[in-house]
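Residue numbers (numbering that gives the first Met the number 0), protein chains in the order written: chain A, 0 to 140; chain B, 0 to 140; chain C, 0 to 101; chain D, 0 to 101; chain E, 0 to 129; chain F, 0 to 129.
I should point out that these hints are in silico values taken from the structure, not numbers from a laboratory. Beta carbons: idealized from backbone N, C-alpha and C, even for Gly. Among the clues, some could well be false.
FRET-style restraints, in silico, Cβ to Cβ [what the hints assert, rightly or not]:
| hint | chain 1 | residue 1 | chain 2 | residue 2 | range |
| --- | --- | --- | --- | --- | --- |
| 1 | F | E28 | B | S11 | 45 to 53 Å |
| 2 | A | K9 | C | D89 | 22 to 30 Å |
| 3 | B | A62 | E | K1 | 40 to 48 Å |
| 4 | D | L48 | B | M102 | 55 to 63 Å |
| 5 | A | E129 | B | A38 | 58 to 66 Å |
| 6 | B | E129 | F | P53 | 42 to 50 Å |
| 7 | B | G63 | C | A53 | 21 to 29 Å |
| 8 | D | T93 | E | P104 | 50 to 58 Å |
| 9 | E | H95 | A | K57 | 47 to 55 Å |
| 10 | D | T93 | C | S55 | 35 to 43 Å |
| 11 | A | T72 | C | A53 | 39 to 47 Å |
| 12 | E | P104 | F | E28 | 20 to 28 Å |
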Amino acid sequence: MADDAQQQVKKSFMYVNRKAPYGTIYALEALEVVLISAAFEQDVSLAFLDDGVFQLVKGQNTAGIGMKNFSPTFKALGDYEIRQLYVERESLEERGLTSEDLMEITWEDEEDDYAKKPSIRIVSRMELTEVMAQQDVLLNF
Amino acid sequence: MADDAQQQVKKSFMYVNRKAPYGTIYALEALEVVLISAAFEQDVSLAFLDDGVFQLVKGQNTAGIGMKNFSPTFKALGDYEIRQLYVERESLEERGLTSEDLMEITWEDEEDDYAKKPSIRIVSRMELTEVMAQQDVLLNF
Amino acid sequence: MSTLHTVNKSPFERSAFSSALNHLKPGDAVLMIEDGVVGARKGSAFAGLLESAAKSCAIYVLEPDLAARGMGETDVIQGANLVDYGGFVDLVTTHQRTQAWL
Amino acid sequence: MSTLHTVNKSPFERSAFSSALNHLKPGDAVLMIEDGVVGARKGSAFAGLLESAAKSCAIYVLEPDLAARGMGETDVIQGANLVDYGGFVDLVTTHQRTQAWL
Amino acid sequence: MKLGILVNEGPYTHQASDTAYQFTKAALEKGHEIFRVFFYHDGVNNGTRLTVPPQDDRNLQQAWSELAEKHNLDLVVCIAAAQRRGILDEGEAKRHGKDASNIAPGFRISGLGQLVESGIVADRLVVFGD
Amino acid sequence: MKLGILVNEGPYTHQASDTAYQFTKAALEKGHEIFRVFFYHDGVNNGTRLTVPPQDDRNLQQAWSELAEKHNLDLVVCIAAAQRRGILDEGEAKRHGKDASNIAPGFRISGLGQLVESGIVADRLVVFGD
């Protein structure tokens, strides 16, 4: 059935992350769906807006709260051919964040001598609205 | 142990309701604690602020959502000697509500020929802050 | 090619409702369900924002949820349309995609 | 006779944090925990409100939660004090009551 | 039309499961096909047969199980989310050395791929949560 | 000082149980007495022994059970909230005709009066939730 589905259609999936990490499990369990979805050869992208932008802040250290730091997984997304991470500029600004505060997340471009290219695109609210309106499936977490 | 506790101390308990009914169970399960607490002969009061004020709106009809309408229970609180329901004026106003939109909740004053007296007091944010600051125990739902 | 946005949170409690309104395109539809219906109340601090959204988008309220919270047609902003669960299904099928602003 | 107010929600996502600030008395303390720590970030749209609260109330941030979210002492508003879980316990015992703004 | 349903919260605490149930019932009444109902996050807690709701309240697990039986619905509980939260079928219980299982009739445990597949196969994916 | 603890959310989905656990441990280390830890709302889900968290993750139920054993803590799960959510001990399971129970070691099921009593007896009641 899964094989049939893969052969029939290629859809665009956007995973929309609006919540801070660790306070709730949504960020982590969203990432688990994203990783699985990579196996289905669909067109996958992620959006980070509202408090979701905190998921990408660098230097996360969870030793003190006894939980697993899952932020390194974002850096591995390129290996799963997930290369489109949209981050909303207005959400960053409201929270006193800049692109400097975010982890560096890259993918290797095979067709360009494996050059490392950035996966994160900072976009305006209006641009993000346009991208969301082009998706087949939107999953908010 | 419960009997000991009752004999030892009389504390003031305030149950602070900040959430709308039905979308989550907090309002209903808060009310269940309030009813139990009446048996312990403590000084019990309730506060309704933020979306908690929607819990007291009259004319609730849950037939269409398949859930039980628990709002009539508020009217029975007087029989449990719970007579102090503080409602924050600013929270009502922000939500386009007035005291006219709320259920009538009364208690019978034995010492005044069983006259029905209102249990709801509309108070300002500043007044509610003062009342909260006088409590021994505050439970937010 | 328009989107149905469902909102199940009170705009007084969470930012999800405002965030949904900030990401609408003209012709999209907004459906308020669960605690989200309290955002439809007229005369509230939020009503103005919703009324502006209503100029370019269709606004719907799930009637069973509105009734549960003691409200009806006369309590909501002008231009909001009441639907039942069947109407919710129709909104899903007549829009290209659904985005749930959880 | 002062109160310790704990806030575990982001002020950008929920109204709980603002509501807590609206119900402080001078001499009260505010402790940010869990997702609430993001409200301590300097330069945010919320920082001004928190800085005014800091004039009459003590402001604390649970350091392990701040570190988990990639932040440290230099990232928070001036006047905010970092505490660990032991410090959280001390705040509870040295204030008359605790109010959790859930 | 072919619809996929995602339920992200458990019964009673949030209205999500109630709304998803009412929506699913209405969609079936209108002649639509429900490709699958997937339970994720705390949604997996809808699938325990050990709940005993008050007699004057609705029984959500039973409502889902009955709807599934009547319409041959595919109710899938996410295995990873279920393990974290203590929802097990007999096979899972044995595999992890647990002395009891609690999955309800009509629910089955499977992987997250079943959710992605819902998104691919169904014409619309409708999400209910907190 | 004598402290009462209230946990309103289940494990993993919200951080409440983690924070309550870290707080309780720190309070014990400082020599305070924990009068009781009461689990209400979805908090009752901390008390199921059927969870199987990933191997690289913490096991919250086990952490609570071990802390209770070490310090003789009273971990109380609200009976009404537990019934709604499918948390049963053996007696409750029998009484309601259920074929399994799932309560974890060190947890006991009792009424809401135990929470009110915490508020009366403890010097401070500290609440953790969503």
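Here is what the structure says about each hint:
1. With their beta carbons about 31 Å apart, E28 of chain F and S11 of chain B fall outside the hinted range of 45 to 53 Å.
2. Roughly 28 Å separates the CB atoms of K9 of chain A and D89 of chain C, a value that falls within the hinted 22 to 30 Å.
3. Between A62 of chain B and K1 of chain E the Cβ separation comes to about 31 Å, which falls outside the hinted range of 40 to 48 Å.
4. In this structure, L48 of chain D and M102 of chain B break the distance hint of 55 to 63 Å, their C-beta atoms being roughly 34 Å apart.
5. The beta-carbon spacing between E129 of chain A and A38 of chain B, approximately 59 Å, falls within the hinted interval of 58 to 66 Å.
6. Checked against the hint of 42 to 50 Å, the pair E129 of chain B and P53 of chain F passes, with Cβ atoms roughly 49 Å apart.
7. With their beta carbons about 24 Å apart, G63 of chain B and A53 of chain C fall inside the hinted range of 21 to 29 Å.
8. Between T93 of chain D and P104 of chain E the beta carbon distance is about 54 Å. The supplied range of 50 to 58 Å therefore holds.
9. At about 36 Å, the beta-carbon gap between H95 of chain E and K57 of chain A misses the expected band of 47 to 55 Å.
10. Between T93 of chain D and S55 of chain C, the C-beta spacing of about 54 Å breaks the proposed range 35 to 43 Å.
11. Range check, T72 of chain A to A53 of chain C: about 41 Å between beta-carbon atoms, so the 39 to 47 Å window is met.
12. Between P104 of chain E and E28 of chain F the Cβ separation comes to about 47 Å, which falls outside the hinted range of 20 to 28 Å.
Taken one by one, the earlier hints fail for this structure at numbers 1, 3, 4, 9, 10 and 12, listed in ascending order.
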